[in-house]
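Asker: Residues 1 to 221, numbered by the working numbering, are exactly what the sequence shown covers, in order.
Since the hints were derived computationally from the structure, they do not count as laboratory data. Glycine is no exception: its CB is placed at the ideal position from the N, C-alpha and C atoms. Honestly, I wouldn't trust all of these hints.
Derived Cβ-Cβ restraints for the label pairs, each shown as a range [said to hold, decoys possible]:
#	residue 1	residue 2	range
1	D188	V156	13 to 21 Å
2	G146	P187	17 to 25 Å
3	H190	S118	37 to 45 Å
4	G146	R3	15 to 23 Å
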Amino acid sequence: MSRAEVAAAYDSRAEEYVEKLGSVHQMADRDRATIVQWRDSTGGRLLDAGCGPGHWTEVLSERGRRDVVGIDGSTRFLESARDRFPGNRFLAADLSAFPVTSRSLGGILAWYSVIHASPAELPEILDEFGRALAPGGSLLVGFFAGEAGVAFEHAVTTAYYWSAEALTDLLHSRGFTVEHEETRRDPDAHRTHGELRATLGAVGIAETGRARDGDRPSLQG
1 MSRAEVAAAY DSRAEEYVEK LGSVHQMADR DRATIVQWRD STGGRLLDAG CGPGHWTEVL
61 SERGRRDVVG IDGSTRFLES ARDRFPGNRF LAADLSAFPV TSRSLGGILA WYSVIHASPA
121 ELPEILDEFG RALAPGGSLL VGFFAGEAGV AFEHAVTTAY YWSAEALTDL LHSRGFTVEH
181 EETRRDPDAH RTHGELRATL GAVGIAETGR ARDGDRPSLQ G
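Starting from the given sequences, assemble the full structure and let the hints guide the process.
Answerer: As structure tokens, this is what we get:
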């Protein structure tokens, strides 16, 4: 399924999603603690990659006190995010090519936003994360833990399990050092939660053949 089709699937259920999962208070306490701790330990501009209806962007920005932008492919999600959190910036963008200058970000949050990327698509997204992060920048990923690359029927559209080992290998090959990985099964959860935090080294993956900054719009200021 293409990323445009994934976005359309979320558009069709955006109102339901926002009602059930559109607030940080509907998230697991440990998830909130993890993301706040990561935010507080990460300097510079932050990107909420696949921000959905914007609730984690609001947490990252500390109600507008931090420089944060949220990106998503779902028009309905972005409309909700802008309406509910007007003090933040939200842009329509693809996770594999977003309007951020190379090496300009202090951190990227990808909290369950790459779950619909197939094994063929995920490397391109991780390449883009490596392009946008500054050396020493931090990446925090939330995912469904399981056998790497195995598809399953998510409530919205097809998603994929990943193992911490497989993600670690993909990130290592792109110049990241994985500093923390964790899996857990919450009592009321249908699937196992996984999270991984990694730091980009001084030299990330080469950008040969990728769009240069001059070939795309970029965030300024």
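Asker: Is the hinted range of 13 to 21 Å satisfied by the C-beta distance from D188 to V156?
Answerer: With Cβ atoms ~19 Å apart, the hint holds.
Asker: Is the gap between the beta carbons of H190 and S118 within 37 to 45 Å?
Answerer: At 21 Å between Cβs, range violated.
Asker: Should the hint that G146 and P187 are 17 to 25 Å apart at their CB atoms be regarded as holding?
Answerer: This hint holds: roughly 18 Å between Cβ atoms.
Asker: Taking the CB of G146 and the CB of R3, does the distance hold inside 15 to 23 Å?
Answerer: The hint (15 to 23 Å, Cβ to Cβ) holds, given that G146 and R3 are roughly 22 Å apart.
Of the numbered hints listed earlier, the single one contradicted by the structure is hint 3.
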